[in-house]
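A.B. asks: Each chain, written out:
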Amino acid sequence: MLTEADLSAIVVTLKLATLTTLILLLLGTPLAWWMSRTRWRFKFLLEAVIALPLVLPPTVLGFYLLVALGPKGPVGALMETLGARPLAFTFTGLVIGSVIYSMPFVVQPLQDAFTAVGRRPLEVAATLRASPLDRFFTIAIPLALPGFFTASVLGFAHTIGEFGVVLMIGGNIPGETQVLSIAIYDHVEAMEYAHAHWLSGVLLLLSFFMLLAVYALNHRFRVLRP
Amino acid sequence: MLTEADLSAIVVTLKLATLTTLILLLLGTPLAWWMSRTRWRFKFLLEAVIALPLVLPPTVLGFYLLVALGPKGPVGALMETLGARPLAFTFTGLVIGSVIYSMPFVVQPLQDAFTAVGRRPLEVAATLRASPLDRFFTIAIPLALPGFFTASVLGFAHTIGEFGVVLMIGGNIPGETQVLSIAIYDHVEAMEYAHAHWLSGVLLLLSFFMLLAVYALNHRFRVLRP
Amino acid sequence: ASNFSGALTTLSEHFEENTSHKVTLIFGSTGKHYAQIKNGAPFDAFFAADIHRPELLEKEDLVLPGSRFTYALGKVVLWSPKKGFVDSKARVLNRAEFRHLAIANPNLAPYGKAAQEVLEARGLWKSLRDRLVRGENIGQAFQFIKSGNAELGFVAYAQVKRPNQRIEGSFWDVPQALYTPIEQQAVLLVDSEVARAFMLFVRSDEALKIIREYGYDIP
Amino acid sequence: MKIEARFRINRGDFRLDVDLNLPGQGVTAILGPSGSGKTTLLRAIAGLEHYPGGKLKVGGLCWQEGKNFVPPHQRPLAYVFQEASLFAHLNVHRNLEYGLKRVPKADHKVSLAQAISLLGIEHLLERKPETLSGGERQRVAIARALAVSPQLLMMDEPLASLDIKLKQEILPYIEMLHQKLDIPVIYVSHSPDEVARLADYLVLLEAGRVVATGPIHEILTRLDLPLASDSEAAAIVEAFVSGHDETYHLTHLDFAGGQITVTRNTLPLGSPARLRLGARDVSLTLEHQSRTSILNIFRATVDGITEQGNAQVIVRLLAGGVPILSRITRKSADELGLKMGKPVFAQVKSVALLT
Amino acid sequence: MKIEARFRINRGDFRLDVDLNLPGQGVTAILGPSGSGKTTLLRAIAGLEHYPGGKLKVGGLCWQEGKNFVPPHQRPLAYVFQEASLFAHLNVHRNLEYGLKRVPKADHKVSLAQAISLLGIEHLLERKPETLSGGERQRVAIARALAVSPQLLMMDEPLASLDIKLKQEILPYIEMLHQKLDIPVIYVSHSPDEVARLADYLVLLEAGRVVATGPIHEILTRLDLPLASDSEAAAIVEAFVSGHDETYHLTHLDFAGGQITVTRNTLPLGSPARLRLGARDVSLTLEHQSRTSILNIFRATVDGITEQGNAQVIVRLLAGGVPILSRITRKSADELGLKMGKPVFAQVKSVALLT
Ligand SMILES: Nc1ncnc2c1ncn2[C@@H]1O[C@H](COP(=O)(O)OP(=O)(O)OP(=O)(O)O)[C@@H](O)[C@H]1O
Ligand SMILES: Nc1ncnc2c1ncn2[C@@H]1O[C@H](COP(=O)(O)OP(=O)(O)OP(=O)(O)O)[C@@H](O)[C@H]1O
Ligand SMILES: [Mg+2]
Ligand SMILES: [Mg+2]
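Protein chains in written order, with the numbering used here: chain A, 18 to 243; chain B, 18 to 243; chain C, 2 to 220; chain D, 63 to 417; chain E, 63 to 417.
This is chain A alone, in the form it adopts within the complex (with noise of 0.2 Å):
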């Protein structure tokens, strides 16, 4: 039922959202911990700019991103300088893509979950010989579980629905940039509708019990609070 091409999409896309999300929590852990901590006073701008680049319509968004990352870019004039590949029409650039639009629904929750942590797990840890980084692993993470879980969920989501960014700077080439958003639109615009609706269905049913599972697997992790 489902087509070679139908197959490597959803293989490109579940790569494209696990990956993207495990980049975002490594990146976005210790930024949303720094920014729950931290009494910068310019703290709002870093807030302000991390959440901008969900107000640019994707497409959009994709657009100056291919321009950044193609040959007359910044990004892939450098990359040439260095003699690298250019990222454009890259599964690399997907992710780079990917990232930097679903950075804020892996921040914000993240940051909401450590100031919720609060102070006082951390300095009792700390009276308990457990280092900065230590207590940062074994008190704040296990204790912002739910927000990791929020944020991973937005981010993984996000990511699987997402499709102008990918368009953009993917190319829409089968095997390695095209995934499965994409692949239900081409259908749906080539009037397909019978395959449209029943790679939706997959998709759909994919992703529902993948949440699922995910769902019924957080409320073993929960943290009650009296």
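FYI, nobody ran anything at the bench for these hints, they're computed from the structure. Some clues are possibly wrong.
What the hints assert, rightly or not - Pairwise CB distance ranges, derived in the manner of DEER restraints:
1. 162(B) - 115(E): 32 to 40 Å
2. 128(E) - 214(B): 49 to 57 Å
3. 230(B) - 114(E): 29 to 37 Å
4. 91(A) - 156(D): 52 to 60 Å
5. 39(B) - 126(C): 33 to 41 Å
6. 162(B) - 269(D): 37 to 45 Å
7. 167(D) - 66(A): 51 to 59 Å
8. 230(B) - 168(E): 51 to 59 Å
9. 371(D) - 368(E): 34 to 42 Å
10. 371(D) - 176(E): 19 to 27 Å
11. 382(D) - 83(E): 52 to 60 Å
12. 35(A) - 230(B): 35 to 43 Å
Said to hold, decoys possible - The list that follows gives simulated cross-link-like pairs (lysine-lysine, DSSO-like), each with its CA atoms no further than 27 Å apart:
13. 60(C) - 89(A)
14. 60(A) - 190(D)
15. 90(C) - 162(C)
16. 23(C) - 32(A)
17. 229(D) - 171(D)
What the hints assert, rightly or not - Okay, the calculated bits of chain E under chain D, using three or more residues with CB under 8 Å as the criterion:
18. 138-148
19. 298-312
20. 347-355
21. 372-385
Backbone N, C-alpha and C define an ideal beta-carbon position, used for all residues, glycine too.
Starting from the known structure of chain A, fit chains B, C, D and E with the ligands onto it as the hints suggest.
C.D. replies: Just chains B, C, D and E with the ligands now, kept in the frame of chain A:
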């Protein structure tokens, strides 16, 4: 510098984003509250359903909404029997589409924030004669303010940048359903890059200052935890 | 051009059968592809929905000189899925007994431009303005109508005419005189054997027959 | 007015099973070791948790029975929680007002200003809770609870984090509450000291079961209960003012067994008063001694003796029929030849006036 | 070993200004009313807050001076917080292990099993903190702090929410800690009682300033300090075991002023011991009395008298040069004709052995 069409697109965009955010907060708050309190076994099913619209590419979601709202779709048919105007290509339709699409960005952070409030403050309020509704408004909401803030920023910014759904069910009617994101997109597609840059710049600046104001304000309202 | 996707798919299938070469088709809007090609997209050939973009690329030295040619002429129809709604003179336009008329965005899509010209020619462009709903491309205009949200609209003949099938509903075959011909042009972007072969194939009699079956005129 | 409470509560391994009949006035203390179910009981009474099958009647009104369950905010009570419970988003003043604003003006009996000054928190009104010290937080919580003019005041170890001086200022106020305003108080405490000072009625809890319950003066002097063996064991004696000594600033009080002298107070002649006689403050002699700093000496007969450890005994005495306790060494008991019915002189070093 | 601490801290209106020299062994108690800066001082010592300009040396090591600031996790201390502080995501057992796992095996001196059984929390090990009662939480927090085998133990009112019985079990263990393991303890308390029982050294704090500091037996009996007027005022007396009375299960101890008899203990003959003599337990007579339940009677001379209120006086006595306190009524003082240098007999009703 801004054409009349641009201005009207800005107005429609702000109206749409504001209205969508308000509706989302109105709907999302009780929903998130209920989900943060209930011990219903199948809550995770509902949670997954709410997050689901996220994974569909916006244009495809828009397509399905279009079908649903059309005279042959369930919603459209219902509207017809009720003698109401069909919703496609109307501002109201846009709002509905945006609300569905941005729902998880609002519900998830709110639910996390409500969970973090814990039971204790509400119990205390109950012994101080506050009815459930009273303590919801005077205790739960103020203590969950950071979550409201995150929810509003994500919901608002996401609606501003939103594009696929709006394009699909809006029909790009100037003054009614043409939003800024579509206007910029059109300029890019039409290779009117200068105009696109200019509009993007306006959108970014506008959003940046709004975000700045909101973030700066937010610092006043954060509740400190020991 | 996404409107040509059905025809192009069939073409490439025939080509692959004949030559055992593999063709990868990437559909998208002409504007997007133009931007991508300018920024280094790894495409071999470009089938646009208009003349404008291929010409621009030629000016910018991004195409193989002399490879530009018109592969199909688009035809515009005014279509409604309702039987008898559109008659052969399209009087429905003047009676204006509809809420929404779907067209493609005239700024972006040649079919939209053509629709505008038709309406202008009939002196209705101003009066119908409030009822126009505009799709990003001709595909969306078609979806507006197909889903019943717009009662009728200007679409590509290729969209309503499927090979070996009758057209559903009612339509007005817009006289060519009312709009500038929609020339769809293609260019080669790299000098490759296979790409050349494909371009040659597209111009073969076998291909032209297919293109015609999909509802296009041929140059 | 009376409080009837019957609860069967299971939480994990712990099981609370109580059937209580508490007086509807005065201070009822709930005393029990850590984990014995004191907080659980209080929460059930406040309605913070709904345990089906429970029954609760307060002053004729039914708060819980069968399907009937009055939600906590409709129960006219106040609750001082065991742990910090200020609203983090409100400053002290708005914390204090929170309950006050929700009570009809007609029901206001306790003045907020008075509560504030009593608890010494005037200078904290504009502060946010996170800047307060532990004791300051608790004081604000007490004032906030008082401000709702409750018809039943419940306090879960409210004074644990306060210093003695503050305690001594707050305790009389709590007593006053139930005396002047007739507000019954349910008071959880670990401290037999505090309890003896404050309570009229006592519930002894252990591992979820009621070990003893009754008026405080009965419970305190029962040799079969752990209270009499406590290092802070004491007897409560009801007396009345029989005279004041202006020179030495003393007040004499008479009870059935004799006279007791305490620091001068302002009670009018003839008014009733409660006295606390600590077991370790009562020594026994066979003869009436003079030339001693001990002012309070009266006759008593031995009514019971129980050993406390190997070295000490608790002697229950009757002085004019009133039970009092004395803790002395077994050696002294032997030397004095104490036995049931033997007449002795009780010397009381210090007496606390409770009223 | 010594602890030198100098801090100047401003927080809003509050100002803490201390310059302390604390002994590096034994228990140092910090006593002061609510809001006097006790917690602030402890947090500064633990390094939980970095107040620039402060100076802190512990046992020769510099923890803070100028730019030098050792972060809290590198200070070999343990801290029992004033308020609940268990990790909500870990069960009791993993809470207890948390610090333990982070201390090198070689430094383990306190056995976790022992701490667990002492605090009576064996049955709670698998539980999550939110299911514990207030006292249970605090006990787990104490055990967790002990388990890191600290070189300095800081406790912020750790026993406030515990009942007397538990307190009496835990206190000796804390004493043992500093005696056997030579772990100095800094102990914040409101309770002069607890302090007298536990502390060797005392810091009296008031509104952010040190009112008095010194060895406990000196501070407690100074008539110019508020402690001597406290209702729990007491003197600490150093004595040594001079004999055991097997029949009555008693132990006799000699000090410079005479003999004191307490409940039998297991101390060998000749070993030193500390005794607590509560001011209200000491009565005065002019003649040596017999046929009394009071065993401890010895000669003393009046060394000072100060009034407490209108009715009572605090008499400072010297018994063989050792200062002790007696609280009696002004009337008795007059009747006995007490004045500086007058010889009297001190009768001590009950004595607590602290060692
Ligand atoms: N941010 C602040 N602004 C103003 N005052 C503050 C701030 N933080 C603390 N204080 C004050 O500092 C004083 C000392 O607080 P600290 O917690 O050290 O008291 P404490 O002696 O531990 O009292 P308690 O016995 O009640 O716990 C308190 O009066 C408190 O109100
Ligand atoms: N969810 C639970 N699972 C198992 N045991 C529980 C649970 N919740 C409470 N308990 C137990 O119930 C008992 C009673 O708790 P409660 O809080 O009423 O004690 P308490 O008398 O107030 O003690 P404290 O003086 O320490 O505050 C405790 O032993 C506690 O461990
Ligand atoms: Mg409790
Ligand atoms: Mg404190």
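A.B. asks: So, for every hint listed, does it hold in this structure?
C.D. replies: Do the hints match the structure? See the list:
1. The hinted range of 32 to 40 Å is satisfied by residue 162(B) and residue 115(E), whose Cβ atoms lie roughly 36 Å apart.
2. Distance hint for residue 128(E) and residue 214(B): a CB-CB separation of about 54 Å, consistent with the stated range 49 to 57 Å.
3. For the pair residue 230(B) and residue 114(E), the supplied restraint of 29 to 37 Å holds, since their beta-carbon distance comes to about 34 Å.
4. Separated by about 53 Å at the C-beta atoms, residue 91(A) and residue 156(D) satisfy the suggested range of 52 to 60 Å.
5. Take residue 39(B) and residue 126(C): their Cβ atoms lie about 37 Å apart, and the range 33 to 41 Å holds.
6. For residue 162(B) and residue 269(D), the Cβ-Cβ distance of about 43 Å falls inside the hinted range of 37 to 45 Å, so the restraint holds.
7. Range check, residue 167(D) to residue 66(A): Cβ separation about 52 Å, and the 51 to 59 Å hint holds.
8. Judged by the Cβ atoms, the range 51 to 59 Å given for residue 230(B) and residue 168(E) holds: they are separated by roughly 57 Å.
9. A hinted range of 34 to 42 Å holds for the C-beta pair residue 371(D) and residue 368(E), which are about 36 Å apart.
10. About 24 Å separates the C-beta atoms of residue 371(D) and residue 176(E), a value consistent with the hinted range of 19 to 27 Å.
11. The hinted window of 52 to 60 Å between residue 382(D) and residue 83(E) holds, with their beta carbons roughly 57 Å apart.
12. A C-beta distance of roughly 36 Å is found between residue 35(A) and residue 230(B), which places it inside the suggested range of 35 to 43 Å.
13. Under the criterion of a C-alpha separation no larger than 27 Å, the hint pairing residue 60(C) with residue 89(A) is consistent with the structure, at around 18 Å.
14. In summary, the hint linking residue 60(A) to residue 190(D) is supported, as the alpha carbons are separated by about 23 Å, within the 27 Å threshold.
15. With a C-alpha separation of about 19 Å, the suggested pairing of residue 90(C) with residue 162(C) holds against the 27 Å cut-off.
16. Of the supplied pair hints, the one linking residue 23(C) and residue 32(A) holds, its CA atoms being roughly 26 Å apart against a limit of 27 Å.
17. For the hint pairing residue 229(D) with residue 171(D), the CA-to-CA distance comes to about 23 Å; that is within 27 Å, so the pair holds.
18. A count of 3 residues in the region 138-148 of chain E with a Cβ less than 8 Å from any Cβ of chain D is obtained; the coverage claim is therefore met, three being the minimum.
19. Using a Cβ-Cβ cut-off of 8 Å, 5 residues of the region 298-312 of chain E lie near chain D, which meets the minimum of three, so the contact claim holds.
20. Coverage of the region 347-355 of chain E by chain D holds. Counting CB-CB distances below 8 Å, 7 residues qualify, and the rule asks for three or more.
21. Chain D is given as covering the region 372-385 of chain E, and this holds because 3 residues of the stretch bring a CB closer than 8 Å to a CB of that chain, at least three being needed.
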